[in-house]
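Q: Got two chains here, separate frames each, mind docking them using the hints?
Each chain, letter by letter, is given below.
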Amino acid sequence: MLNYLIKRILQGVISIVGASAIIFAISRLDDPTLLLLPIDATPEMVENLRQRLGLDLPIVQQYLIFLGNALQGDFGNSYRWEQPALALILDRLPATLELAFAGLVFALALAIPFGVLSAVYRDSWFDNFAKLFAMLGQAMPNFWVGLLLILFVSVNLGWLPAFGREGFDSLIMPAIALGWYPVAAMTRMLRSTMLDVLDSDHVRMARAIGVPNRVVVWKYALRNAAVPLVTMLGIYFANMLSGAFVVEVIFAWPGMGRMVVEAMFARDFPLLQVGVLFSAILFVVVNLLVDLSYGVLDPRIRHD
Amino acid sequence: MNADPQAKVGQPVLKVDDLRTHIFLKRGTVQAVDGVSFHVNAGETLGLVGESGSGKSMTSLSILRLIPKPGARTVSGRIEIDGINVLDLDEDTMVRDVRGKLVSMISQDPMTSLNPVFSIGDQVGAAFRFHDLVRGRSAIRDAVVNVLQRVRIPSPERRLDDFPHQYSGGMRQRVVAAMAIACSPKLMIADEPTSNLDVTIQVQIIRLLREIQKETGVGLIFITHDMGVAANICDRVAVMYAGRIVEIGDVETIFDNPSHPYTQGLLDSIPHLGRRRERLYSIPGNPPDMQNPPSGCRFAARCPHVMDRCRSEYPPEATVAPGHMAACWLVGKNE
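Line by line, the protein sequences are chains P and V.
With the first letter of the first sequence counted as 1, position 289 gets the number 289 in this note's numbering; the numbers rise by one all the way through.
With the first letter of the second sequence counted as 1, position 58 gets the number 1058 in this note's numbering; the numbers rise by one all the way through.
Quick caveat, the hints were computed from the structure, so don't treat them as lab data.
Some hints here could point you the wrong way.
Claimed, not checked - Derived SDA-like pairs: lysine to any residue, alpha-carbon spacing no greater than 20 Å straight-line:
1. K219(P) / R1027(V)
2. K1069(V) / F1118(V)
3. K131(P) / V116(P)
4. K1069(V) / P212(P)
Excised from the complex, chain V in its bound form (with noise of 0.2 Å):
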């Protein structure tokens, strides 16, 4: 479990292969996730942008098999989290070999993300607890108080028994980071860790998911709808869309040579210090209606470069370069 986590950077700790979540509803069925394909390596921090509803949300449930019920459910694909296909194991091993130990999430907003009528040493330790990896009280009391250093917390033995309220928001973020890695799992999901936090604490916050990350070779998911906080921290990011990934590569490369009108469209949305505009740029439109998705591409409504394929075929996966993949008729053109 220990071992050297070096030995492990660049095999892949999660494989997600052609995954569909849907939610179905008396209205119809939303096809929240469809069709979604990537991996994550040791040591690797890949981003999941993308607006809200693009589905980069119900992706990292589905990975974490806690996608809400009843109404949604994951129709077919395989996620494989260190060569293990989650979706064939039942809730009773997913609670006690997989949440906590293997994977595990950051969640959103760290001022609800912990139990207001609990206090911290009791929160934290429940990773501990319910996995039988540590006995007795005193015994999780001290490897409580260690994940609490690891993630920063000042004199954690003294500040156990006080609740969430007692916390600050950066402070709490921390406690929610040191539940997060206490079982030391191979993957870890951040859920917009940082999107309700001052931007000093944002780095700081940044900063320790980096050290963490460093320390046990996690692979992480980072989830965010802003660009530039997905620039400063992953290695490579996915673009989703509609449910489906639209791009995928790495950071330099997105951001040097973004090849899918979309990824262009959001990367002409970041504002730039010292550039002048008479207005900041926007996509124009809405995404489409996610119950009756278009049958070609689905950006096709708001693309500046759409053609008459475009509305009728999705496109396929075209290779830009090795390891940058874009879905547009455009970077398929030549075949």
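If we strip away everything but chain P, and leave its shape as in the complex, we get (with noise of 0.2 Å):
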């Protein structure tokens, strides 16, 4: 066990230099001091700038002055906001885990109780219903959702925020915004993994011994679907973690992503490079707790 989440998390390193190298380069292709200087900077201003900054260096030599400031959890000055960009990304963390945590939330609360139903009663009124909600959900992109929330609910019935973070009502329309997508795709795996178990032998064998009807689909039958169920939320949980960026721009949310976002159209590399770098610790983390938590579902995937 601890053999492997040694190797799992040297892994887990391994990809995060490997994202940081690859964002490095990209971001290389272009020259920030043309965006960063007055229109009329003389060519020595620039020349001046682009040796502050450390550009004129090899690339290669740029990259390993970056890795070793940042093992010192130095990342550099942000170029637009001039403050540290590890602190600028620190701070907006909180807002963009906790709109991807509420869509998760959102995300399990439906698709649970709807891919369970529609499989316990099949090619009924409720499962049609299902069927044609997650074919919308899968049918429309977040921001689509997200605008027609705002249309509706906050502009013609006033009754929530369209925009900002302050407290529980500002929350639940992004989160509805970010989750619907997953609750459609979790629905669609979740009915057809449970029309599996719930016609398999064991779940016969409970039936025929006396097992009531709500053990058998609720806690033997779900517990079995439970490891298709955890792999698919952790890939939309890092989906959202990373790139729940159109979501955080339409409601206006302090977001990671928002920040991110903003960096590359401003060619702040050291912001850029530290929120690339953010979202791959988060995929690697999400998917290292994924893993784990498969031997806590299913005995047979148990880690020795």
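A: Here it is, written out as structure tokens:
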């Protein structure tokens, strides 16, 4: 178990370093100095700035300097905000975590009952409704769901705030917009795995010795369907953490994703690098947690 | 409940009368079980023999009221277990008082019949927990150890928290048997419990089932497609073909004096050690389409002795000898 954990953490570190190298290389394809200086800057001023930012050095050397500093917790200052990039990202991280977690809770709260009940009542009106709902969910991009929610719930009905991060009310709509697609995907997957499990010999055996239906469905069968569900959930949660920027922009949510996108447009390399690095770290951590949860959910996959 | 089992031997624990279970598809109706009648006495083993699709598993699921929903439905008949017609009961009563307590099942494949993500103790304990027979964690644990001992699982107290994948195939089948006998049912349905096991383990399981029967006086329905296994364990044999019982009788009678051509065909298909034959015999043709079963005898198209009458009229159940019935015009010729 400990060996497995160490191996997995090392693998994660390699992934994160790899991600940092890629984002570092890609962001060096463009020169930010012209964006940072006034439009009438002289060539000397440009050269000066390039030297000050270390952009005149060979790219490999630049990367090694970046890595060396990063190991000491120094990711440089944001060009745009002129503050430590790490502090800026860490400041936004809680908002992103909060939003992704809320999106996940919303997705699970709908997907589990939908998936289970449409398998139990296969081909019923509920199953058809859930199928339609899942199809709509998978066909609607989250920015559009977000815009519709703002239009109907905020503008027309005035029930919830359309933007910002102030209290629970402002979290509801972004969470729904973010969780909408995963609800659909997880409902469909859970339905099909539950159908398989409910048809299995051990479920019939449990029924034959008088285990009540609710226990068979919600304990015996659902636990068997949990491994694929958790796998999918991990992928979506990692995506929500690193890819929530569209929803963050629509709802003016002060999260990491929005800041990274803004950094990209401003060629704010230090900020961009930290942002991407954090996305990579979150992705690796979530995947590790998912893998560790397999052992808890299914005794056959326990790591010795 | 724990009265002397010997006292009840000979009393019927199950009476099935004209059972019809049909599967309703968009394309039409499959008459999976179509007018089946038989009984099982306490302490007795009835073999239900037939090829796949003959309706033997559907019959057993009908008795448990566990036929797959939606689609299949028992449309008519009577199923009396210990004097109670289970077709009159609602689902709650079936769960609380019938399944596990009056009738239980030992299912086909030991490798898939146990839930892979729950411990053995948890799964066997369910039988006690949901029938409120034993209360409290440690009492249930003791009951589980006790029932695992009865199916001869060595040092069960140490293996209680293990999971099914840590048990061998034969041991898993014993666990399944333990779940089935936990609440001392009057009737047990064993659906091909040995077909996926090694021959040596098959023998052990059959021996175990016999011992359990001797101890408890439980009535046993043993479903198999293997005439050899049936000969080994059963007191009486019912041969099913295309949703109906074509012949039923004592095991010796069925083997010595098979009266239905289908039974004769089945017995001829058994390979015999030391008997030289060019090829193993098999009954020519296929079972009929059960969506549109033939109006006459369902075996007519494959029968070597077929007569004109067979194709138009279904033969009545004719008594060959007391306790020996065959549904064939050849038997009823003199009527």
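Q: Is K1069(V) close enough to F1118(V), meaning Cα to Cα at most 20 Å?
A: 26 Å, violated
Q: Does the alpha-carbon distance linking K131(P) and V116(P) stay inside the 20 Å limit?
A: OK: K131(P) and V116(P) at ~12 Å, within 20 Å.
Q: For the pair supplied as a hint, K219(P) and R1027(V), is the alpha-carbon distance within the 20 Å limit?
A: It is violated: about 35 Å lies between the C-alpha atoms, which goes past 20 Å.
Q: Check whether the Cα positions of K1069(V) and P212(P) lie no farther apart than 20 Å.
A: Distance of about 16 Å is within 20 Å: holds.
Consistency note: the structure conflicts with the earlier hints numbered 1 and 2.
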